[in-house]
Each structure stands twice: as structure tokens, then as C-alpha cells.
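A.B. asks: Okay, here's what each chain looks like letter by letter:
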Amino acid sequence: MMMYTTARTAFRTLRRNPMRAMLTTLGIVIGVGAVIAMMEIGAGASGALKKTIASMGANVLVIRPGTASSGGVSFGAGTTTTLTPEDCQAILRECPAVRNAAPMVRARTQVVYGNRNWVPNAIYGTTPAYLDVQDWSILAEGEPFNDRDVLNGNRVCILGQSLVRELFDGESAVGKEIRIKNIAFRVVGVLSPKGANMMGFDQDDVILAPWTTIKYRVTGASASTANQSASVASDSVNTLSNLYPTAQRSLYPERSAVQLANNPMPVRFANIDQIMLAANSSAEIPLAIEQISEVLRERHRIRADEPDDFNIRDMAELTRTLSTTTKLMTNLLLAVAMISLVVGGVGIMNIMLVSVTERTREIGLRMAVGARGRDILRQFLVEAVVLCLTGGAMGIVLGHGGSLLVRFLFKWPVETSPAAIATAVLVSAGVGIIFGFYPAWKASRLDPIEALRYE
Amino acid sequence: MELITLRSITKTYQMGDIAVPVLKGISLAIRQGELVALTGSSGSGKSTLMNILGCLDRPSAGEYWLEGQEVSQLSADERALLRNRKLGFVFQSFNLLARTSALENVAMPLSYGAEHLSEREARERAAEMLTRVGLADRLDHHPSQLSGGQQQRVAIARALINRPPVLFADEPTGNLDSKTSEEVLQMFERLNTEDRITIIMVTHDPKVAGHANRLIRMEDGVIQGDAPPAAEPNQKTPESAP
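Chain order of the listed sequences is V and P. Going left to right, the first sequence walks through residues 17 to 471 as our numbering numbers them. Going left to right, the second sequence walks through residues 877 to 1118 as our numbering numbers them.
Incorrect hints may appear among the rest.
Sample of chain V residues with no beta-carbon within 10 Å of chain P, all distances over it, derived [stated by the list, open to error]:
| # | residue |
| --- | --- |
| 1 | Thr21 |
| 2 | Thr22 |
| 3 | Thr25 |
| 4 | Thr346 |
| 5 | Trp428 |
| 6 | Thr432 |
Simulated pairs of lysine to any residue, SDA-like, Cα-Cα distance not exceeding 25 Å [what the hints assert, rightly or not]:
| # | chain 1 | residue 1 | chain 2 | residue 2 |
| --- | --- | --- | --- | --- |
| 7 | P | Lys900 | P | Tyr889 |
| 8 | P | Lys962 | V | Ala320 |
| 9 | V | Lys458 | P | Lys900 |
| 10 | P | Lys900 | V | Thr22 |
| 11 | V | Lys458 | P | Leu904 |
| 12 | P | Lys962 | V | Arg469 |
Think of the hints as simulated: they come from the structure by calculation, not from any bench. Here the structure is a predicted model, which means the values were calculated and not measured. No residue lacks a Cβ here, since even glycine has one placed at the ideal position from N, Cα and C.
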């Protein structure tokens, strides 16, 4: 009731001189308007950037096996052979922060179609989940291979745009047969163009096929040897008996019968080169890493004091860098807007001081009829806050209108942010309190006798 | 019953190093229902005495009893509350809030110390007060739309809104012509006789002082004369005025 009366009195007082009140709040209107517009445009820009980065695979995590070493000689990352497709399934099953995961086997070898040949950047053996992980589900042509193809090791593949250009000279590739290391693959789909990634790697120069097919029919070995298989392809002639190579090296040293009896190991069917997976959101990446580590350490029987036999790498660094940049820009613009708010606040203080002087007699009268110093302080403070909040409300409308205008005129992405509005309201009230305090305090300290006598 | 009792009140202003005594020991008793006029030449200390009586100022020394309460040592906030509850003020220049309706002007003191009243009750009470001073048809008029006499009556209604036992009037007719002065003074007399409100007015107009039933004359910070106005030798009664 008391606050309401004070606020009403403040409104009425301000209405007595509407022109001056308007001019006084103009600074706040512009300041708040600028803050709102900046924050909305900034949020829009940052949102658009995030979307772009997400399409580049911002939520993607890559698990690669760790380094193997022998006699102090390290073979580099990805050389242990402990990562299995079952790991991938376990991760999908047991890590709620992971959206999807695809096992991957890499090969690099010659691809032949008719009288053309080409060595693509990468031949990936994977599952259909890979397309989802990479946010690449929309194909330019055809359909992706399915899980049954993976289970059966079917010889089907999806081509990247660069391969279509190199092998088919722009003709439709779907339904044609290409040969990879002399094994015929039917092209079921063509990927949509993606262009180069940030390292300059041509992402369209790729073939996707079921990992089982690549693993068992093409490479028959892990990535460490597959990388050199282009040269291998030229000097070894594949025969039909070679379609199912059994020359895979033993993964573990030969164990004696006693060892086997004491410590039986489950039969390991295959190892893969990496697992590519997508977290639910970039915010959940740390959680996903934690869950994956737990699952893999358990599955690989790693003791607490032993280091991981795998590496998990994320691309969040990229996301962070870019979102930090947008945040920086937004903050910079915000700082400029804040300065105009401060200037507006000084304007408020100025006018409130004038108002206190002008209304000295009123203050004296109010004191004579029983207003205490703090009542006067409250009255003037509320007046300043009302002035600022009114200005803030107008500024919100102005700023929002401004950002909408920018959206329509320049087609910039704009995001309405409730946080910006809340901040603007708080800041304008704060400006009112901070810059209204001195004049209000001055008013409250007046001597009623002096004030009544003031001409 | 003694409403106001002053015992050897002094007030000294410090002007740099020099102490300027303005009130030099005032002792005074005012009973309830009196209509007192306080006169004296300028510089006689009547305004200072008025400020002390009105609890706007504190005496340098002495005792001030108001309705059995020693008020000379109260803090500024306590005095503000006291002014709100027990004292009403009418000023020479009306001191109404510009661009504010008569009703709101009158209700203004209620916003300090009468928060228990609802908005409607406050307006009702203000309207009742304005009706009492004969301005029932001017509730929504702004001061600029009212004549001087009407403005002063709004001021009186404002002073009485909290039903104080004492009303202070500082040159209440100073800005009014003789006809409206007469109306305002008659209103004071009516309030004094009908509602038993003690009225203390400062004036140097003998005609105004003639309406009082007690005249206190000040000179050089002391009380020179304290008697009913008829006893004053050079008093001109309103009837004999030219």
C-alpha cells in the first residue's frame, strides 16, 4: 500500500512535466534499446554460428585406440588393437549422453570404374549411424546402405561427390559397380557435397561402405597396414580365395594351455580403427567423455592405476573458440550500450537534482505535515526508478523493434532473449537507484524550516 | 487542561563564532481551546518560537510539554510523527502542490503515518474535510483553478485531515484580500469554538489578532505582553477600522 501510494505519487509528479520526463528518460530509452538490440542481434549471430559449427560436427567425438609399444618403442596413436565393434554397441547402450555411434575401419586403396581409376582420400567402413553422427543423412542421390548390409558384409557403397566427378564424370553413379582392390561394390547412394573441412581435407573424396565388408574383404588388416595398402594393391593379385583373407595377424602373443585355463579371454572377433560418435549436445560432451571412459575401461579390463588404452578427442575446442568469439563481440557491443546507459543515468541525476531544488518548498511542506527524511528519500528514489523503468520499457520496445527491423532489412538472424529483457529491466532500475540516490538523499537532508522559506 | 507548556525556552543560533540569542527564556502555557495570536515586529523571535512550538525546530534549552509529553529532545523522525499526528500547519503562501487536485492535496498528509487507511478511506476523509471548509464542489479542481481564499481553505482542510488538537497558522491571511481574510478568520473561529481546536497564529496584522481570544506580543526574544486583545491599549477592533 505504502509503496503503491509512493509509486502513484511519483507517476503523478512526473506527469506534471511530461515533456521534461520524456527528455530525461531519452538517455535510458536509447541505452536500454541499444542493449536489447545488441543482445538480440548478438544472440542471433551466435546461434547461427553454433548451427554452422554443429553441421561441421561440433558434437562429434572420436575414440581411437591408444598407442602400442614394444620394448620401449612406441608405434604412435591408433596402434593398439583393443577397440572392437562391441565397444561401440556397449557405448550406445550404456552412455545416455551419446546420441549415436559408428564404428569405423579405414582403408586407402585404388578404386576402379571402367577405364578410370582413383585413390580416394579415405575409404571408410562403417554403419549407417555414421551419416547421422556426421549430420550427413540427406543424400544427393540413392539411399544409404542399411544395418543388414553391415551384418552380411554386402558389397555396397556410397560415394562422395569428388569420386562421382573423377570416376563417373558427372554421370549418375547409383546402381553402377566399382571395384575396390578388385572387389566389386555396387553404388547405392551419392553423398551430398560437403566441401573441404577446416584442415583443407576434401570431405567429398570419400567412399562409405559397411565396415564388415571393408574389414574382411578389402583390408583384412588394421589401419596401420591399411594405410600402405595402395601400394599393396598394385603388386598383389586378388583371386577369389583372397576375398576372405584369413591372414590376419594374431592380436595377442601365443598363450600356453595353463595360461588359457587360468585366465580365459573371450574370443575377439575384430578390431576397428576408430569409433565416431555424437553427443546429445555440445554441453554434454564432457559428460559423454566421462561415461565412455568408464565403459571402455571396464570392457578393456584396465586397472585403476593403468592408463587408458584409447584416446577420446572432441571438436568442442572449435565450438568453444567460435562461441567465445561471438560472446566477445556481444560483450563489446554491450559495453558500448552500457556507456550510453551510464550517460542516461547522469542525465537522470541532473534532472532529479534540478527537480529537488525546484520542489524545495514541496519537500518542506511534506516534512511539516509529517514526512520523515526517509519518506522523502523514498519518494525521490521511486520517482527516479519509475522514470528509469518507464524509459527501460520504452527502450525494450525500441530495441526489439530495432532488431526486428534489422532482421527484415538485412536478413540477419535475430534471437529474442528474455535474459536481455530481464537484464535491461534490472539495469534501468539499478541506474535509477544509483543515479537517483544522491538527489534523493540531498532532498531528505533538507531542513524543513529552510525548505519552507525557500523562494 | 494545559495543552502546551513552555518552560524557559531559549534558542541561540551560531553565526560563525558569534552566538546570536533569538529566544531568551520563554515560559508560556496554552490551554486547550484557546485561539492565540502571536505578534511582534520582525526579528522579535516570533517565527522561531512558532517553529519550536510546531516541532519543526528544537530549542537550545528549556522544556516543551505537548499534551503531557516532553518533546524538546525528540529526534527528527519522532518530531515528524508528532507533527503528523498532533499538529496542523497553515502557511501564508498556502503551499499547495501544483497540478494536483484539491482532494489529493488534502489527502497528502495521510500518506505519512496513516498507511492503515485504504486509498478509498483516505479519499473519503479528504472529501469530508473539504466539505467542512465549504469546498465540496471543488474536489477535483487544481490550485490554479481556485481563488486565494479557496486555496487557503484547502490548506486548512489539509492541516485538519489528521484531526490534530493544535493548528498553527503562519500569517494565514498575508496573501489574501480583506474580504477573504475575514472568511478564513471566521473559519478559524468556528473551528476553535465548535471543534475545540487550539489555534495559534502568527500575525502582525492587528485586525487579524483581533479575532484571537489571547494575544501574545513578542519583542527581542521575550514575551512583552500576554492578554486578551481587548486589553491591549492600541488595539483596533475590526469595527473601528477605517
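A.B. asks: Are Lys900/P and Thr22/V close enough, with their CA atoms no more than 25 Å apart?
C.D. replies: Violated, at roughly 42 Å.
A.B. asks: So if I understand the rule, the pair passes when the alpha-carbon distance is 25 Å or less; does Lys962/P with Arg469/V pass?
C.D. replies: holds (22 Å)
A.B. asks: Confirm or reject the statement that Thr432/V sits farther than 10 Å, beta carbon to beta carbon, from all of chain P.
C.D. replies: holds (37 Å)
A.B. asks: Holds or violated: are the alpha carbons of Lys458/V and Leu904/P at most 25 Å from each other?
C.D. replies: Violated: Lys458/V and Leu904/P sit about 36 Å apart, past 25 Å.
A.B. asks: Can you confirm whether the C-alpha distance between Lys962/P and Ala320/V stays at or below 25 Å?
C.D. replies: Measuring from Cα to Cα gives roughly 83 Å; hence the hint is violated.
A.B. asks: If you draw a straight line from the CA of Lys900/P to the CA of Tyr889/P, is it 25 Å or shorter?
C.D. replies: Judged against 25 Å, a Cα distance of about 12 Å means the pair holds.
A.B. asks: With 10 Å as the threshold, tell me whether Thr22/V passes as away from chain P on beta-carbon distances.
C.D. replies: Label violated. Min Cβ-Cβ 8 Å, cutoff 10 Å.
A.B. asks: Does Thr21/V clear chain P by more than 10 Å, comparing its Cβ with all Cβ atoms of that chain?
C.D. replies: Label violated. Min Cβ-Cβ 5 Å, cutoff 10 Å.
A.B. asks: Minimum Cβ separation between Thr346/V and chain P greater than 10 Å?
C.D. replies: With a cut-off of 10 Å, Thr346/V remains clear of chain P, as the shortest Cβ separation is near 44 Å.
A.B. asks: Just want to verify: Thr25/V was marked as not at the interface with chain P; is every Cβ pair farther apart than 10 Å?
C.D. replies: violated (7 Å)
A.B. asks: Between the alpha carbons of Lys458/V and Lys900/P, is the straight-line distance 25 Å or under?
C.D. replies: violated (33 Å)
A.B. asks: Does Trp428/V really sit off the interface, with its C-beta more than 10 Å from all C-beta atoms of chain P?
C.D. replies: holds (46 Å)
The structure fails to meet hints 1, 2, 3, 8, 9, 10 and 11 from the earlier list, while all remaining hints are met.
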